[in-house]
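Enquirer: Let's have the full structure, built from the sequences with the hints guiding it.
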Amino acid sequence: MKILLVDDEKKFAMMLAKRLVLREIDVDYVFSGEEALVKAENAVYDVAVLDVKMPGIGGIELERKLKKLAPDLKIIFLTGHGSKTDFETGSAEAAYYLAKPIQIEELIRILHEVTGRG
Amino acid sequence: MTSAGEIHNNVDLAFFGKVNASISHELKNILAIISEAAGLLNDLTEMAAKGKDVEPAMLITCSRDIIEEIKRGFTTIKQMNTFSHSVDVPLKSVNLIEVLELMIELAGFLSIAGQVRFDPPQQAVPTVLTCPFRLQNLIYQALVFAFESAGSAAEIQVSMQPEKSGSIRITFSGLGSKSGRPFPDDQTQRIADSIGAEIRVTADLQGIDIVVPEVIESMK
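Line order of the protein sequences matches chains L and A.
Heads up, the first sequence is in my numbering, so the first residue is 1 and it goes up one at a time.
Heads up, the second sequence is in my numbering, so the first residue is 1001 and it goes up one at a time.
By construction, these hints were calculated from the structure, which means they are not laboratory data.
Not one of these hints is a red herring.
List time: in silico DSS-like cross-link candidates among lysine-lysine, alpha-carbon distance up to 30 Å:
#1 L:2 - L:68
#2 A:1178 - L:68
#3 L:65 - A:1028
#4 A:1071 - L:11
Over the 12 Å line for every Cβ pair with chain A, so calculated as not near, a few chain L residues:
#5 65
#6 71
#7 72
Which chain A residues face chain L? A few, computed with CB under 7 Å, are given here:
#8 1025
#9 1028
#10 1029
#11 1031
#12 1032
#13 1033
#14 1035
#15 1036
#16 1037
#17 1039
#18 1040
#19 1043
#20 1065
#21 1111
#22 1152
The C-beta atom is built at its ideal place from N, Cα and C for all residues, glycine as well.
Expert: Spelled out as C-alpha cells, the structure:
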C-alpha cells in the first residue's frame, strides 16, 4: 500500500508519516497541494490523505485534480475543524473524513478498508 | 426592517465568531501535533522495550516538538484572551502597534493567509482613543482582502505613519489583483464610518490606507 500524505502543518505530516512507516506502510509526505500534484504525476499511490484547509490548493480542490490524474485513487480527508459543516461541504467522492487529532489505529483501519486490504 | 444597530450587532458577532473559529482551528492543529509527537514517543518507547534500536535523536525531536507546540498553544490562548477582552469597553485608548500585531497574527490563521511584513514605526508608540473591537474588525477585513488580492505565496507590507491631523495612517501594500471583489464593501465601510476611520484605496488597487482618528467621542 502506497500513501500520499498532504498537510501544511509540517511537523504533523512528518510525525504521522514516521508513525505509518513504523507500521510498515509506504508513505510519501508533502506540505502543499502543489507539491502533491508533482508527486502524483511521478508515482502511483493507492490512497491520498489530504488536509482540507491548506494555503494555495486546498484539500477539496486537490482531490479533484488528483482524481483527474489517477481516477482509482482513494481519498481520506483530514480536518482540523471536525465540524459537521465541513463534512457536508466536502466532496461526495471522499472515502472518509478524519478529525484531528487522529487515532493512528483508526487511520490504519480505514486505509485497509478503502484499499480492500483488511 | 433591520436597524443600523442590528446590522452592527450582526457584523460584530460574525467577526467575533470567525476569529474564534480560526483560533479553535489553530489550537486543534497544535493539539494534533502534540498528539502525533506523543504517539511517536510511545511507539519508540515500545520499540525500545522490545529490544529494538531507537535513535536518541528521534526522542529529542519528539520531546522538543511537544515543548514548542505547548508554547505555541499558550501564545495562541493569550491572543484569544486579548481578542476576547477587546469587547469589554466600547471606547478605550489602544496601542495601534499592539492591535496591528494581534490582527496580523489572528488573520494569519486563515488558510488564505500569506506572509506579512510589518515594520513598526521607530518614533513614539501611536495610541488612539477608539472602539478597539471595531478597529480590529476593520484591520482584519483589510488583511483578508490583502491576502485575497496578493495570494498566499506573496508577502504584503504593513506600515504606519502619523498624519498632520494627529490621525494615524496604516498602509497595506504589495497587493495584487487576485481578489475579484471591490474594497471596501458596504459592511467594511460601515465599520470604518462607525469609528470615524477613512479608507483610501490606491488607483491601481495595489495599496490600502486606513486612517484612524486620534480620538473619537463615541461610536456612530
